[in-house]
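Here is what each chain is made of, one letter per residue.
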Amino acid sequence: MSDLLLLLPFAALIVINVLPKAARGAAWIVAAVVFGLQTAVAALQPFGLVDWRFLGTLEAAIGFRLGLDSLAVLLLLTAGLAGLASLLVSRASTARPRTYFTFANLLLVSLIGINGIAMVQDLFTLYVFIEVTSVAAVIMVAIRDREQGFEGAWKYLLLSAVASVMMLASVGLFLLTGGGVSFAEAASAVASGTAEAWIAAALFLCGLFIKSAMVPFHGWLADAYTEAPPAVSVFLAGIVTKASGVFALMRLAPAAFGGSSTGTMILLVAGAATAVVGAFLSLTQSDMKRMLAWFSVSQMGYIVMALGGQPGLALVAAGVHFFNHTVSKAQLFANAAAVERQLGTRDMDRMGGIAARMPITGGTSAVATLSVAGLPPLAGFWSKLLIVIALWQAGHVVFAVIAVLTSLITLAYFLSLQRRVFFGTLLPEWSQVREAGPAYYVPTLVLAAITVAAGLSFPFLLPILLGGGA
Amino acid sequence: MIIITIVLVLMVLAALWASLTTLLLRATIALALTSAMLAVVMYSLGATLAAVLELSVCAGLISVVFVSVISLTQRKPFKDYVTRRMSRMRRFWPLPLVLIAIGVALSFAHAPVQVALPVPGGDGDVRTVLWTLRKLDLFGQILILLAGVFGVLVFFKKDETDGD
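So the protein sequences, as listed, match chains A and B. Here the first sequence is numbered in this note's numbering, starting from 31 and rising by one per residue. Here the second sequence is numbered in this note's numbering, starting from 75 and rising by one per residue.
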């Protein structure tokens, strides 16, 4: 099945490009089918409801070296959901047919990149698929043909290129010192404790830190998220930066670089610094999308900090928070897109009482807010609880306290967002505002339902996650 | 060894030229020169195939792609060009000095890195490597090229149909 997860989107890419020009509107449908199919397969896979044995001969003929474990399924599922949400938002927010068609193409290229990141087995191929995802993302940021979009794309490209150089140098060093670039060979090189292997590991980690916008490499992210078109923001914030940065860290931390106390401490300190700095930067914003961008930085720090917790539980905690954060963030960016479209501004100081005119957007935003702030019984509560427990069990009490305090700051700035945008007295200038339409609120309703359902069913899902090693 | 050192110095000079020049066409030529020098180094170290690929793809094909894209752009007025060149010179004048300082420092340092260079061509047929062992990477490369095509469309082609 793993090979098909790369080849099916690739086939879709070919199909939409051979369509006659008049039929190119169907690109959206083809992309939606691919994303929908992936979401369904990834959701059913952990329960053993998908049997792919009949594809064995085909897989043997293709022969890509891929692995499909629980962590990979998690990324496939979140990528499918974020892609569907982004496609729906693009339906309403993109007016030009060519932009729309190019967006569908780039979304499919990104999906193949993300699926590759989920399933690859060696550092060089991981680097190649991170590049695929990043190149597509950079172009998507600039797709709206505005100067600010180009500026955001340029910053993203520049830092992304620095990260690529670091990762490529690391791959070269691993090849020379460890004899190979598979995760197992890299792990054994790092375990040997030689200076060269540590330099290689440090270079790859630095590259991933840049891609994840970890402090002090976080400067590019707010511009990229803010200046991107709404549909791109949903996908970029929802999955791209997480897949090409944080997910790769989740994959490598235990498999290749983990285990040592130095490696764990690097993850803890970098994660804590990012979580705290991101949270404080969020507090000071009045631009809605910029606030969400810094919130995203903070939560990525949270996930990386979790990786330094009790082995086993740490990865489950990070994985669950990865999923919850993707769902909530895609939802919040879709809400921000709806508000921006209807009000024509992202300045929260000019808003107020919007929930009276946009009750669905206000309601789903409240669900996402409460979840990301870690309030029970929503999904975000469980993942944050798991992270704190994993840190506490590993003896990192200080970092567990930082995690709790950061969560409180998150609650503070999201309550501020809700109050400034949705609650309070409706300003007269917004008295005629209406919901932005189903293309905006349908994905947020679905994502809010997932947040509630995942939270309520989490006690039943946890044994499966712990059993599967997430 | 002396030849490799001379070529490496030339490569760094060409890379500096590529970074500092304000004209895209000159930057492309400088980049092609950098690649050509790198190809010579690779050839001298026994990596013949890598040298051929570097020369044909990086120095050749990529330069052609760059020149094609540059032909889609419009040249700025001469006055802007002069202002921009002066501004770049002011910003980047320490770069060559920094590079020389690093080079001198490294030549005195005894690098701690001990690596075992693989035997050139020891792993057999390059076709096996490309089409069997690394076919997934090749697939990734195709995707990057595809994304690049869409990049050219987004960055350089104006849509005259309607506004967004």
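Keep in mind that a hint or two might mislead.
As the list claims (entries may be wrong) - Here are the in silico distance ranges between beta carbons for each label pair:
1) B:Ser130 - A:Gly93: 55 to 65 Å
2) A:Val63 - B:Val143: 48 to 58 Å
3) B:Ile174 - A:Val299: 33 to 43 Å
4) B:Ser130 - A:Asn47: 26 to 36 Å
5) B:Leu98 - A:Ala199: 55 to 65 Å
6) A:Glu459 - B:Leu219: 41 to 51 Å
7) B:Ser130 - A:Arg54: 34 to 44 Å
8) A:Ala191 - B:Ile76: 28 to 38 Å
9) B:Gly177 - A:Glu181: 28 to 38 Å
10) B:Lys150 - A:Pro389: 25 to 35 Å
11) A:Gly55 - B:Trp167: 22 to 32 Å
12) B:Ile80 - A:Gly55: 39 to 49 Å
13) A:Ala199 - B:Phe182: 44 to 54 Å
To be verified - For the chain A half of the interface with chain B, some residues (derived, Cβ under 10 Å), not all of them:
14) Leu37
15) Ile142
16) Gln340
It is worth saying that the hints were derived from the structure and are not from the lab. The structure presented is a predicted model; accordingly, all values stated were derived computationally and were not measured. Beta carbons are placed, not taken as given, at the ideal position from N, Cα and C, and that holds for glycine.
Determine whether the Cβ-Cβ distance between Lys150 (chain B) and Pro389 (chain A) falls within the hinted range of 25 to 35 Å.
With Cβ atoms ~52 Å apart, the hint is violated.
Beta-carbon spacing of Ser130 (chain B) to Gly93 (chain A) - inside the hinted bounds 55 to 65 Å or not
27 Å, violated
Outcome for the supplied range 34 to 44 Å, where the beta carbon pair is Ser130 (chain B) and Arg54 (chain A)
35 Å, holds
Is the shortest C-beta separation between Gln340 (chain A) and chain B less than 10 Å?
34 Å, violated
Restraint check, 10 Å cut-off on beta carbons, for Ile142 (chain A) near chain B:
Since the shortest Cβ distance to chain B is 6 Å, the answer is holds.
Taking the beta carbons of Ala191 (chain A) and Ile76 (chain B), is their distance inside 28 to 38 Å?
33 Å, holds
Supplied distance hint 28 to 38 Å, evaluated on CB atoms of Gly177 (chain B) and Glu181 (chain A):
Roughly 34 Å apart at Cβ, these two residues keep to the hinted range, so it holds.
Distance restraint hint 22 to 32 Å, applied to the beta-carbon atoms of Gly55 (chain A) and Trp167 (chain B)
Because 53 Å falls outside the window, the suggested range is violated.
Given a hinted range of 26 to 36 Å, is it respected by the beta-carbon distance of Ser130 (chain B) and Asn47 (chain A)?
27 Å, holds
At the C-beta level, are Ile174 (chain B) and Val299 (chain A) separated by a distance inside 33 to 43 Å?
Between Ile174 (chain B) and Val299 (chain A), where Cβ atoms are some 35 Å apart, the hint holds.
Using the beta carbons of Glu459 (chain A) and Leu219 (chain B), state whether their distance is inside 41 to 51 Å or not.
49 Å, holds
Using 10 Å as the Cβ threshold, decide whether Leu37 (chain A) counts as touching chain B.
Holds, because the Cβ-Cβ distance from Leu37 (chain A) to chain B comes to roughly 9 Å (cut-off 10 Å).
Checked against the numbered hints above, the structure breaks hints 1, 2, 5, 10, 11, 12, 13, 16 and satisfies the rest.
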